[in-house]
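Visitor: Heads up: the sequence shown runs through residues 1 to 407, numbered per the UniProt record's numbering.
It should be emphasised that the hints constitute simulated quantities derived from the structure, not laboratory data.
Heads up, none of these hints are tricks.
Lysine-lysine pairs mimicking DSSO-like chemistry, simulated, CA-CA at most 30 Å apart:
1) Lys216 <-> Lys236
2) Lys236 <-> Lys291
3) Lys248 <-> Lys288
4) Lys236 <-> Lys203
5) Lys210 <-> Lys288
6) Lys98 <-> Lys87
7) Lys248 <-> Lys210
8) Lys294 <-> Lys203
9) Lys203 <-> Lys291
10) Lys61 <-> Lys87
11) Lys70 <-> Lys98
12) Lys216 <-> Lys203
13) Lys182 <-> Lys229
14) Lys236 <-> Lys294
15) Lys236 <-> Lys182
16) Lys291 <-> Lys210
17) Lys248 <-> Lys182
18) Lys87 <-> Lys70
19) Lys288 <-> Lys203
20) Lys70 <-> Lys105
21) Lys61 <-> Lys105
22) Lys216 <-> Lys248
23) Lys229 <-> Lys203
24) Lys291 <-> Lys248
25) Lys210 <-> Lys236
26) Lys294 <-> Lys210
27) Lys248 <-> Lys236
28) Lys182 <-> Lys203
29) Lys229 <-> Lys216
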Amino acid sequence: MKSLNYVYLSNNSITGKIPSTICYSNQLSNHNYLTQTIPSQIGDLCSIDWIGLSYNNLTGKIPPFLKKTKVNLSYNSLEGQISDVFKNYSSDTLIGNKHLCGDIKSFPPCLSSSPNKNTSIDDKIKILVPLSFFLVLSLLGYFFISRCGVRKIESESGETKNGDIFLIWNYDGKIAYEDIIKATGDFDIRYCIRIDSYGRIYKTQLPSGKIVALKKFHHLETKEPSFDKSFKNEVKMLTEIRHRNIVKLHGYCLHKRCMFLVSEYMERGSLFSVLSNNVDAVELDWIKRMKVIKSIAHDMSYMHHECVPVIVHRDITSNNILLNFELEASISDFGMAKLLDPNSSNQTLIAGTYGYVAPKLAYTLELIVSTLPAVSIWQLRNQETHTTRESETQSGSACFSDVNHIV
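Please model the entire structure based on the sequences and the hints provided.
Guide: Spelled out as structure tokens, the structure:
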């Protein structure tokens, strides 16, 4: 069949691939089930002028030898770029091949796949691989340094959880936030021993057996910016001062939903509660009362003359003068206090209850406080100490003489 010029076998059920010996057969045409690629041997056909292979399942690219032959390859699954030779052909001869492309009408242009593009991709890979490696090493280094820093803080101060601050120091053991919650029954009212203007004070026994006082602040207060500043002031000052008659701070938690201080527990509560109780007031005899006044005097002297910078408490009342089991006094609640920088020109308003406010505050800040009487701490606290029911039954002349001697 060297003189084969035309093959027409359309509308049959011919299956399989196109045989490579097509030059010697007549099994080729449209509307069949031919599959796979078009064999290159078809190019050896000497006299074929037209090949119809439409409506089959042929795949692969269009062989270059077909540019010498008239073909109909429509409605197959051919792919790749269409040769410029087919520009003169009708688009109907190639239509139906969704993956063909080229500068032919009815077909999309081909994406560039030149060597320059491949080279560009290779260059990008060469850059991205070492860069990614460097970033991974950097992240690992940062993680390692961060972990070391956190462990150092934990060993010195306690622990930090979920971005919230929970620190413990001056305490022989490590406790966690969960220990506090468990010890207070999630701040159950039965553990509450006192309520003041800022919050509730809870008696808390830690897992080690140590008893501490936990001051949890009111939610309404924690929403105020001024309260947040006051809270931080109290923590800052309590960590910097060292005095036997100032309540020791063991730790604190600073969180938007839960803020509290963990401090030394004073067994007898506040001076106000002792003086308000008939039995406790009798136990607090004049000698012990003089010791209380003397302790307060030492505290005030320490804060006003020995601390650098000077501390002005701004709210000394019998409610924040706490007594231990031996009825020895210590000052607490530095939330309204202010660190005074001798070189600072900042001014502030007096806040808090109208307890004793040191004259140094008015002199340093140049404030005129018309609502406060011009009396000293001795007049205010001694008057409160002496006006209990117990004191009225005593022969007070000797007692007042002893107090005046201390003053």
